[in-house]
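If you read the sequences in order, they're chains A and B.
First residue of the first sequence: 1, per our numbering; consecutive thereafter.
First residue of the second sequence: 1, per our numbering; consecutive thereafter.
I should point out that these hints are in silico values taken from the structure, not numbers from a laboratory.
There may be inaccurate statements among the hints.
To be verified - These stretches of chain A come out as covered by chain B in the derived footprint (C-beta under 8 angstroms, 3 or more residues):
| hint | segment |
| --- | --- |
| 1 | 2-13 |
| 2 | 241-252 |
| 3 | 298-304 |
| 4 | 358-370 |
| 5 | 375-387 |
Unchecked claim - Calculated lysine-lysine pairs in the DSBU-like style (CA-CA distance at most 35 angstroms, straight line):
| hint | chain 1 | residue 1 | chain 2 | residue 2 |
| --- | --- | --- | --- | --- |
| 6 | A | K118 | B | K138 |
| 7 | B | K376 | B | K292 |
| 8 | A | K147 | A | K230 |
| 9 | B | K360 | B | K292 |
| 10 | B | K314 | B | K376 |
| 11 | B | K412 | B | K470 |
| 12 | B | K360 | B | K412 |
| 13 | A | K118 | B | K62 |
| 14 | A | K121 | B | K62 |
Claimed, not checked - Here are the in silico distance ranges between beta carbons for each label pair:
| hint | chain 1 | residue 1 | chain 2 | residue 2 | range |
| --- | --- | --- | --- | --- | --- |
| 15 | A | S289 | B | E448 | 26 to 32 angstroms |
| 16 | B | E83 | A | H276 | 54 to 60 angstroms |
| 17 | A | Q272 | B | K290 | 39 to 45 angstroms |
C-beta atoms are modelled at their ideal positions from N, C-alpha and C, and glycine is treated no differently.
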Amino acid sequence: MELYITEISKYVITLLMALYAYESFAVFRFQDEERRSGIYTRQNFLMLAVHFSCFMAICFETGDMTYLFFYIFQQIVLFATVILFHMIYPRANRLAVNNMCMLLGIGFVVLTRLSYEKAVKQFVIAVCSIVVAMVIPFFIHKLKFLKKLTWVYALAGIAALAVVLILGAYTNGSKISYSVGGVTFQPSEFVKIIFVFFVAGALHESASFFEVFTTAVVAGIHVVILVVSKDLGSALIFFVVYVLMVFVATRNPLYLLAGTAGGSAAAVIAYQAFSHVQVRVQAWRDPWSEIDSAGYQITQSLFAIGSGGWFGMGLFQGTPNSIPFVEADFIFSAIAEELGILFAMCMILVCLSSFIMFMDISMKLKDNFYRLIAFGLGVTYIFQVFLTIGGGSKFIPLTGVTLPLVSYGGSSVLTTLIMFAIIEGLCMVKGDEEKEERYAERKRRKVKNSRTEDRNEREEE
Amino acid sequence: MKEKRNNHPKKKKTNLPIMAVTYLFAAVFLSMMVYICYYSSTHEQELINNSYNGRQQVLTAKNIRGTIYAGGGEVLAQTVTDEDGEEVRSYPYGSLFSHVVGYATHGRAGIEALGNYYLIHSNAPLAEKVASDMAGSKYPGDDVHTTLDVKLQEVADQALGVYRGAIIVTEPSSGKILAMVSKPDYDPNQIEEIWDSLVEDKESGILLNRTTQGLYPPGSTFKIVTALEYIRENPDTYQNYGFQCNGSFSDGADRINCYHGQSHGSVSFSRAFAKSCNASFADIGLKLEKKKFQDTLDDLLFNQELPLELSYNKSRIEVYEDSPNSDMMQIAIGQGTTGMTPAHLNMITNAIANDGVLMKPYVIDFVENSMGTIVKKFAPSSSKRLLSSEEAEVLKELMHGVVEEGTASRLKGLSYTAAGKTGSAEYNTVKGDSHAWFTGFAPVDNPEISVTIIIEGAGSGGDFAVPIAKRIFDAHFQE
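Generate coordinates for the entire structure from the input sequences, incorporating the hints supplied.
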């Protein structure tokens with residue numbers, strides 16, 4: 001009996017996830033949120049169904065019904081998030097909220113399977129983060145002076161990174177975290193947001209060579225500190241986000257070219273100078289020849305991705321725990337193994353759809369500052385997704401970053417939720433702009449109409 | 001103008017750089033998704049079979065290792081539960097299939113390794129899995145059905161007797177491996193007890209499957225290759241070749257003797273081939289263009305990967321553009337540093353028998369689940385054309401001549417026709433000891449079966465290897 005349920009649930013979960021991924025792209029057929037509301041409601045039901053069937057599979061496979069309570073808590077929190085967001089911010093983008101909750105839900109399911117203890121911890125952190133995220137759109141919407149704090153952002157960012165470099169603890173060979181009162185922080189996660197604000201603040205009024213040059217120096221300091229801390233993944237994210245933001249602010253493809261050239265040169269120098277970069281690249285090119293040393297992680301990850309097949313081994317059926325740091329850097333591999341390649345592909349599509357929505361919002365914003373922020377945060381998000389999934393599947397060398405919202409890690413979840421919340425705040429800014437535009441247009445039309453009336457009157461005369 | 005723009009708010013709201021970045025990421029993500037799907041679907045078996053992959057243990061704990069069957073349905077390997085409730089791998093034929101079926105403890109070899117992926121997976125219907133769950137037993141793994149023929153394997157095994165050596169029997173038109181014997185062998189039922197002594201025993205190489213891994217000097221069987229190259233270089237005139245053999249050929253200080261110093265008198269091309277005249281072929285060897293010879297050797301898979309899924313060694317041969325005459329004379333008669341596996345020689349033989357096309361050799365015919373439903377069927381597939389149809393026809397005639405009027409005359413005048421080439425590869429020039437070779441097929445028109453035989457240190461191919469070929473052919477055609 002259990003077997004029937006777990007076997008059938010594999011296909012059901014994949015189908016539901018595929019439908020969800022489809023809906024998250026179907027959204028783009030319509031331009032205004034009102035006409036999308038049917039899709040959003042369907043998405044909410046699909047989310048519920050995916051989450052429910054995953055936990056049914058877990059309960060039946062393990063025979064342990066205590067998971068059911070955990071599930072109910074999760075479901076309540078996720079649903080409350082969807083509903084509250086919509087109630088408090090009726091003009092917020094619902095796709096971003098839905099995708100955010102969907103990815104959180106997938107993360108809870110996989111973490112529950114990998115380590116119940118860590119899943120509970122993650123759940124508590126996520127609940128607190130959601131509470132924080134609830135108030136953020138309000139502040140983004142109301143606080144107009146955020147534009148003026150450019151150099152505060154720069155100093156804060158560099159200071160936070162420098163503190164870790166000097167005082168931080170080594171985790172897995174990289175200096176990326178420090179502890180305050182028993183709570184471990186990973187400042188590079190939060191600095192990602194501050195950095196986007198800094199670049200947007202510096203370039204939103206004018207993006208002449210002078211501004212680009214000064215911001216480049218600041219960006220360079222961020223990247224160098226991160227490289228020295230051996231946090232290569234974050235260094236790469238900062239670099240790419242900076243180059244692309246400059247490209248969008250200046251609309252000059254030459255900067256893109258210069259950035260690519262500079263980045264390639266820097267990569268070659270980093271390869272020559274740092275042995276840990278060489279180890280990573282070597283492990284990417286041929287992990288099989290050093291399968292029990294440098295290539296161990298990536299080969300174990302490939303075993304996981306390769307063994308699940310299209311529909312996966314089923315939850316609790318594989319051995320994803322054989323990959324070191326599976327719950328953080330390799331969660332994608334665990335998903336591919338137990339929930340299947342198709343499910344994993346659908347999850348990538350959900351991430352991509354969030355990104356496209358962010359870009360869409362960014363394009364519709366008229367204020368340069370806000371547009372650059374939406375763009376920068378979107379790129380930060382999707383590039384990190386690319387680094388972790390590409391690294392775990394040997395598409396690119398491994399850099400060791402988390403999969404936002406899905407991976408285990410408090411700083412990562414909090415940061416990503418704040419990023420999504422900022423974007424929701426920008427949606428409200430966008431709403432204001434549109435309102436103003438409509439108002440201005442009406443005014444113009446009125447003027448025009450009165451002028452024609454005048455003319456008509458004159459003609460009548 | 002301004003008002004007009006306001007009528008198209010959409011146009012105003014696109015931003016080219018942002019659009020470009022969006023499309024860039026979309027393209028990168030799509031290629032990554034295609035890569036992941038492609039990689040995981042094409043590398044699944046390889047990944048599962050890697051010994052560092054812990055998922056094998058998961059599957060073995062869940063499923064009972066499947067059974068390996070011969071072509072006639074005979075059980076070659078199966079997992080049984082002994083009195084203590086422990087699973088034991090049992091091999092009913094003992095040492096007969098030791099090398100080809102292999103073993104599944106202490107690593108894996110042979111079909112146990114090749115078919116491991118299927119053997120440890122279970123495609124049993126859901127209802128049967130549920131029944132197993134109820135009974136508290138493991139799921140039945142999938143069964144591997146091979147192309148092996150128990151009768152031919154027995155004949156080949158007995159014929160080789162106590163000699164060390166290797167025999168491979170295949171079907172040229174499909175690539176099916178019908179029998180594969182390598183001696184010395186071992187009893188896989190006792191692999192646990194004898195493992196340490198097998199590993200320590202460096203000298204006899206019991207664990208080596210000589211058919212696919214043993215590199216031997218090919219001796220006169222290599223004249224097939226030399227002859228093919230000579231025909232390629234002289235397509236219209238090769239038949240005019242003539243040589244006066246007085247038992248040896250000299251070039252400066254280097255000298256090649258015919259087997260046991262026998263002198264063949266005046267020989268034509270086909271007679272030199274049939275009688276395996278070393279002197280003529282050393283002479284031919286000096287006439288070859290080395291650059292073209294290299295191309296032909298490439299065509300014939302020397303120094304290259306073979307289309308074979310069992311573990312094997314690459315044949316090696318050293319022909320350079322500046323190879324000295326002394327080397328070329330040795331190479332032309334299959335001596336010197338050349339090393340070749342019996343499986344590779346059998347592939348060349350099969351290509352000649354099959355109009356020049358090599359069919360990919362295979363030993364797993366199909367895989368079934370416990371209810372007898374086919375999970376996967378392996379169809380014959382052509383691997384590569386090694387030589388042209390005309391060249392194959394000419395070589396076939398030459399090899400038929402070896403039987404009719406040459407060194408393999410023990411295959412003459414039987415109920416079936418046969419073609420082949422013998423070899424006596426000297427490995428100890430001082431004593432004149434030689435490995436006995438034969439490679440050939442029958443019947444000449446429309447070949448059904450081909451064999452390649454090597455008997456280490458037995459003597460001449462005509463005296464020792466050809467009779468074994470006859471016993472195998474007899475067994476096949478008596479069916």
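Quick rundown of the hints versus the structure:
Note: the segment 2-13 of chain A has 4 residues with beta-carbon separation from chain B under 8 angstroms; the three-residue rule is met and the coverage holds. With a cut-off of 8 angstroms between beta carbons, the segment 241-252 of chain A has 4 residues touching chain B; three or more are needed, and the interface restraint holds. Look at the segment 298-304 of chain A against chain B: 4 of its residues bring a Cβ nearer than 8 angstroms to a Cβ of that chain, three or more, so the hint holds. With 4 residues having a beta carbon nearer than 8 angstroms to a beta carbon of chain B, the segment 358-370 of chain A meets the requirement of three or more and the stated coverage holds.
Check on the segment 375-387 of chain A: 5 of its residues sit with their Cβ under 8 angstroms from a Cβ of chain B, so the three-residue criterion for coverage holds. This hinted pair checks out: A/K118 and B/K138 have alpha carbons roughly 32 angstroms apart, not beyond 35 angstroms. As the CA atoms of B/K376 and B/K292 are separated by approximately 42 angstroms, the hinted pair breaks the 35 angstroms bound. The hinted pair formed by A/K147 and A/K230 meets the criterion: a straight-line CA distance of about 32 angstroms does not exceed 35 angstroms.
Among the hinted pairs, B/K360 with B/K292 is consistent with the structure: their alpha-carbon atoms are about 25 angstroms apart, no more than 35 angstroms. This hinted pair checks out: B/K314 and B/K376 have alpha carbons roughly 29 angstroms apart, not beyond 35 angstroms. The suggested pairing of B/K412 with B/K470 holds, with an alpha-carbon distance near 10 angstroms, which does not exceed 35 angstroms. For the proposed pair B/K360 and B/K412, the alpha carbon gap of about 30 angstroms is at most 35 angstroms, so the pair holds.
Distance restraint check for A/K118 and B/K62: the Cα-Cα separation of roughly 28 angstroms lies within the 35 angstroms cut-off, and the hinted pair is therefore satisfied. The suggested pairing of A/K121 with B/K62 holds, with an alpha-carbon distance near 32 angstroms, which does not exceed 35 angstroms. Roughly 44 angstroms separates the CB atoms of A/S289 and B/E448, a value that falls outside the hinted 26 to 32 angstroms. Separated by about 56 angstroms at the C-beta atoms, B/E83 and A/H276 satisfy the suggested range of 54 to 60 angstroms.
Roughly 43 angstroms separates the CB atoms of A/Q272 and B/K290, a value that falls within the hinted 39 to 45 angstroms.
The structure shown violates the earlier hints numbered 7 and 15.
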